[in-house]
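The listed protein sequences correspond, in order, to chains H and F. The first sequence: position 155 = 155 (my numbering), numbered continuously. If you count the second sequence from 1, you need to add 203 to reach my numbering.
Simulated from the structure, these hints should not be mistaken for laboratory data. Note that the coordinates shown come from a computational prediction; the quantities given were computed from them, not determined experimentally. Backbone N, C-alpha and C fix where the C-beta goes; we use that ideal spot for every residue, glycine too. Fair warning: there could be bad hints in the mix.
If the Cβ cut is set under 10 angstroms, some of the chain F residues that face chain H in the computed set are [claimed, not checked]:
#: 1; residue: 279
#: 2; residue: 285
#: 3; residue: 348
#: 4; residue: 351
#: 5; residue: 352
#: 6; residue: 353
#: 7; residue: 357
#: 8; residue: 359
#: 9; residue: 363
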Amino acid sequence: MPGALGFSAARQTPEPAALNVPLFRSLIQRMQDDARRVVLDLGPARPETVAMFGQCRCRLEIADLADGLDALNAIADPGELQAACAALLPPRRAESTDVVLCWDLLNYLERPALRTLMDQISHRLAPDALAHALIVYSTPRMPARPACIAPDAELRLHVSPATAEEKPAPRYSPDELSRLMPGYAVERAMLLKNGMQEFLFRR
Amino acid sequence: MFEFGKKGGPDSPGDTPPTAPEAARREAPDMSTSSPKPQATPGSAGRREAATIGPSIQIDGDLRGQEDLLVEGEVNGTIQLRNNSLTIGAQGKVMADVFAKEINIEGFVEGDLFSSERVVVRKSAQVRGNITAPRVSLEDGARFKGSIEMDSAAVEAALGKSQGANAGAPRPAVTAAPKTSAPEPREPAGPVPGGTLRSGAAS
Numbered sequence: 001m002p003g004a005l006g007f008s009a010a011r012q013t014p015e016p017a018a019l020n021v022p023l024f025r026s027l028i029q030r031m032q033d034d035a036r037r038v039v040l041d042l043g044p045a046r047p048e049t050v051a052m053f054g055q056c057r058c059r060l061e062i063a064d065l066a067d068g069l070d071a072l073n074a075i076a077d078p079g080e081l082q083a084a085c086a087a088l089l090p091p092r093r094a095e096s097t098d099v100v101l102c103w104d105l106l107n108y109l110e111r112p113a114l115r116t117l118m119d120q121i122s123h124r125l126a127p128d129a130l131a132h133a134l135i136v137y138s139t140p141r142m143p144a145r146p147a148c149i150a151p152d153a154e155l156r157l158h159v160s161p162a163t164a165e166e167k168p169a170p171r172y173s174p175d176e177l178s179r180l181m182p183g184y185a186v187e188r189a190m191l192l193k194n195g196m197q198e199f200l201f202r203r
Numbered sequence: 204m205f206e207f208g209k210k211g212g213p214d215s216p217g218d219t220p221p222t223a224p225e226a227a228r229r230e231a232p233d234m235s236t237s238s239p240k241p242q243a244t245p246g247s248a249g250r251r252e253a254a255t256i257g258p259s260i261q262i263d264g265d266l267r268g269q270e271d272l273l274v275e276g277e278v279n280g281t282i283q284l285r286n287n288s289l290t291i292g293a294q295g296k297v298m299a300d301v302f303a304k305e306i307n308i309e310g311f312v313e314g315d316l317f318s319s320e321r322v323v324v325r326k327s328a329q330v331r332g333n334i335t336a337p338r339v340s341l342e343d344g345a346r347f348k349g350s351i352e353m354d355s356a357a358v359e360a361a362l363g364k365s366q367g368a369n370a371g372a373p374r375p376a377v378t379a380a381p382k383t384s385a386p387e388p389r390e391p392a393g394p395v396p397g398g399t400l401r402s403g404a405a406s
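Using the sequences plus the hints, can you model the full thing?
Set out below in structure tokens:
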């Protein structure tokens with residue numbers, strides 16, 4: 001069985017695995033109307049993401065949280081965790097956020113950090129805002145660090161492993177995610193071929 | 204399906220002009236004392252050469268000009284080159300709001316960037332701030348944290364405000380959306396550069 005997000009396959013071939021992600025595709029297709037949106041990308045800045053959202057009327061906010069996840073997981077005090085999450089996110093503006101791209105980052109957050117971060121984000125969301133996430137579901141292990149994930153013109157995701165090291169995957173179930181993210185409802189979830197579960201949450 | 208780079212939006216990956224910083228260096232007379240002067244390119248006679256802030260130069264304050272500029276030193280304050288291009292070289296460190304026709308970044312920037320044509324974030328760049336420009340491209344490997352205004356109407360509004368603000372004081376906010384994080388651009392206080400200039404203080 002391939003590893004999470006096709007990492008095993010990616011290690012065997014020079015090109016990153018292209019992952020068909022129907023919910024991501026539907027999300028982006030919805031954005032091709034003429035409405036202005038604010039998109040919050042929790043991952044690192046990627047040329048492909050910038051190019052893709054340049055075709056939409058939007059402001060792209062890039063949080064680049066990947067390097068700060070371990071620090072969040074290490075914080076036990078709820079107040080301190082709340083402050084740390086707020087500090088990692090872009091400054092809050094009057095304009096609310098319409099779309100959140102979590103990529104695979106939620107797998108790397110322990111439960112208190114996941115709950116606190118997504119709660120902080122929920123306060124800046126517009127009504128009916130959408131959040132997209134990829135959750136390791138079928139495989140017990142995952143790469144030790146979040147991957148580099150880039151969309152292509154076919155709205156697939158190309159996944160490049162950041163490391164060959166692995167760690168146990170939390171394997172968050174839909175029910176557990178609903179408990180950890182009370183401000184969000186699962187709009188749709190799909191099991192992908194590589195064993196990941198693709199989620200589209202609605203506020 | 205989804206065509207990167209249409210609608211005159213941000214450039215597609217790899218669509219960055221490969222020669223801008225190199226050209227700026229090639230044409231730039233070096234005002235610093237530590238770097239050798241670059242040779243003029245054959246055929247460049249009559250063209251206006253870019254000025255250079257060398258690696259040993261630090262400027263604190265507001266910097267305005269009517270010619271292209273290469274920054275390899277350190278600038279803290281505001282840079283206004285409304286009709287010209289700014290290149291922040293690999294050794295450059297800019298902690299400033301920048302207003303320029305075109306902005307190429309290879310070094311470190313912390314501040315808001317406003318460009319009437321394009322912003323190019325090279326692979327060696329580290330940028331923390333907000334970009335407002337009709338076209339933005341980001342190379343693989345670049346580090347960026349902040350927001351990119353992709354909505355052409357918002358970009359025009361923001362640039363229009365900033366151009367209007369340039370004409371007189373007091374200067375209004377220059378972003379389309381309410382902004383809480385970045386400083387307002389300050390009115391230049393004197394001749395170019397308008398602040399203090401130190402040689403040998405750059406890190």
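(message) The hint names residue 285 of chain F as touching chain H; please verify it with the least Cβ-Cβ distance against 10 angstroms.
(response) violated, 23 angstroms
(message) Less than 10 angstroms between beta-carbons is the criterion; does residue 352 of chain F satisfy it with respect to chain H?
(response) At 5 angstroms from the nearest chain H Cβ, residue 352 of chain F passes the 10 angstroms test, so the hint holds.
(request) Please verify that hint: residue 363 of chain F, Cβ, nearest Cβ of chain H, below 10 angstroms or not. (result) violated, 17 angstroms
(request) Against chain H, run the beta carbon of residue 357 of chain F and see if the smallest gap drops under 10 angstroms. (result) holds, 7 angstroms
(message) Using the nearest Cβ pair, does residue 348 of chain F come within less than 10 angstroms of chain H?
(response) holds, 5 angstroms
(request) Against chain H, run the beta carbon of residue 279 of chain F and see if the smallest gap drops under 10 angstroms. (result) Constraint on residue 279 of chain F not satisfied, violated at 20 angstroms.
(request) Hold the hint about residue 351 of chain F up to the distance rule: shortest CB distance to chain H must be less than 10 angstroms. (result) Where the cut-off is 10 angstroms and the nearest Cβ of chain H is about 5 angstroms from residue 351 of chain F, the hint holds.
(request) Answer holds if the nearest beta-carbon of chain H is closer than 10 angstroms to that of residue 353 of chain F; otherwise answer violated. (result) holds, 5 angstroms
(request) Using 10 angstroms as the Cβ threshold, decide whether residue 359 of chain F counts as touching chain H. (result) Violated, because the Cβ-Cβ distance from residue 359 of chain F to chain H comes to roughly 12 angstroms (cut-off 10 angstroms).
Of the numbered hints given earlier, the model fails hints 1, 2, 8 and 9; all others are met.
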